[in-house]
Amino acid sequence: MSKKPINEMKLKFPSLSANEKLSRIAISGFVGLYDPRIDELNEIKTAVSEAVTNSIVHGYRNTCGEIELTAKAFSDGLIYIKIRDKGAGIEDVARAMEPLYTSLPDEERSGLGFSVMESFCDSVKVTSKLGSGTTVVLTKRLKTKL
Amino acid sequence: MAVYIKSDRNDELTAMITGEIDHHSARWLRMDIDTALNDCPPKTLKLDFSGVTFMDSSGVGLVMGRYKNMKALGGRVELVNMPEYIERVMLLAGMDNLVTIPKAKDASGKSSAKGQSGSSAE
Chain L
1 MSKKPINEMK LKFPSLSANE KLSRIAISGF VGLYDPRIDE LNEIKTAVSE AVTNSIVHGY
61 RNTCGEIELT AKAFSDGLIY IKIRDKGAGI EDVARAMEPL YTSLPDEERS GLGFSVMESF
121 CDSVKVTSKL GSGTTVVLTK RLKTKL
Chain D
147 MAVYIKSDRN DELTAMITGE IDHHSARWLR MDIDTALNDC PPKTLKLDFS GVTFMDSSGV
207 GLVMGRYKNM KALGGRVELV NMPEYIERVM LLAGMDNLVT IPKAKDASGK SSAKGQSGSS
267 AE
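Listed in order, the protein sequences are those of chains L and D. My numbering numbers the first residue of the first sequence as 1 and each following residue consecutively. My numbering numbers the first residue of the second sequence as 147 and each following residue consecutively.
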């Protein structure tokens with residue numbers, strides 16, 4: 001990944017739940033430039049939706065803050081996506097990533113956000129610091145060469 | 147995003163969900179479906195996904211919540227007409243242990259036989 005991206009997008013928006021849809025529209029528009037298969041596009045949209053929802057529901061719980069969505073496309077078909085918030089952070093990332101674990105069992109959260117990201121992307125990397133925020137990096141290589 | 151409620155028989159309620167299911171829309175869908183459940187508690191709640199254009203894990207939360215409510219009413223939940231990737235998320239969550247997911251049976255109207263088989267292969 002030392003190569004230079006052939007295209008790049010950066011988007012900042014407040015943590016309103018309506019912006020879950022905005023993040024999907026934005027990432028679809030960006031990835032859509034590179035002829036993805038419909039299932040690939042669906043998987044990327046879903047993974048981004050999960051990460052952004054986590055920032056809104058957990059990172060900025062009861063507050064509103066900024067979410068940054070960065071996307072890069074590389075010539076070998078690799079799509080790199082970063083979702084970053086400056087919210088509450090995650091105390092135990094490994095535990096948060098366990099399937100079905102949720103810190104909000106009363107709110108009908110399924111605890112599957114990270115499982116979906118892992119299942120739909122080639123790699124998921126999470127870095128988090130309590131009180132400073134969480135960054136999720138997703139990568140996926142499209143079947144089409146760009 | 148909208149949900150159309152249809153009471154086929156006295157003991158069956160179909161909620162046809164249209165549009166996108168995410169954390170934002172799930173709360174409204176939840177409210178509409180639960181209102182219908184309380185008005186006329188059925189034996190079977192059928193959630194029809196044929197009009198759903200997007201779903202993330204919030205949809206799983208929606209189904210889990212309705213499963214709990216129906217269990218309290220002594221009834222069950224059935225998921226019908228799921229596009230393949232939605233079924234994949236449901237199976238990832240193990241929802242087939244809690245609710246009924248009919249296999250490509252020819253339900254009246256559109257049943258997506260293609261999506262029903264081999265969805266757990268990947």
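No lab work stands behind these hints, which were simulated from the structure alone. Beta carbons are placed, not taken as given, at the ideal position from N, Cα and C, and that holds for glycine. Heads up, some of the hints might be wrong.
Claimed, not checked - Using 30 angstroms as the maximum straight-line C-alpha spacing, the simulated DSS-like pairs for lysine-lysine come out as follows:
id, chain 1, residue 1, chain 2, residue 2
1, L, Lys21, L, Lys143
2, L, Lys143, L, Lys86
3, D, Lys152, L, Lys21
4, D, Lys214, D, Lys189
5, D, Lys214, L, Lys21
6, L, Lys86, L, Lys3
Stated by the list, open to error - Footprint (simulated), chain D over chain L, 3 or more residues, beta carbon under 8 angstroms:
id, segment
7, 40-53
8, 78-88
9, 98-110
10, 130-143
So, going through the hints one by one against the coordinates:
1. L:Lys21 x L:Lys143: holds, 25 angstroms
2. L:Lys143 x L:Lys86: Cα-Cα ~33 angstroms, so violated.
3. D:Lys152 x L:Lys21: Holds, at about 28 angstroms.
4. D:Lys214 x D:Lys189: holds, 13 angstroms
5. D:Lys214 x L:Lys21: holds, 28 angstroms
6. L:Lys86 x L:Lys3: holds, 28 angstroms
7. 40-53: holds (count 7)
8. 78-88: violated (count 0)
9. 98-110: Since 5 is at least three, the answer is holds.
10. 130-143: It is violated: at least three residues are needed, and the segment 130-143 of chain L offers just 0 whose Cβ sits closer than 8 angstroms to chain D.
In summary, the numbered hints that this structure violates are 2, 8 and 10.
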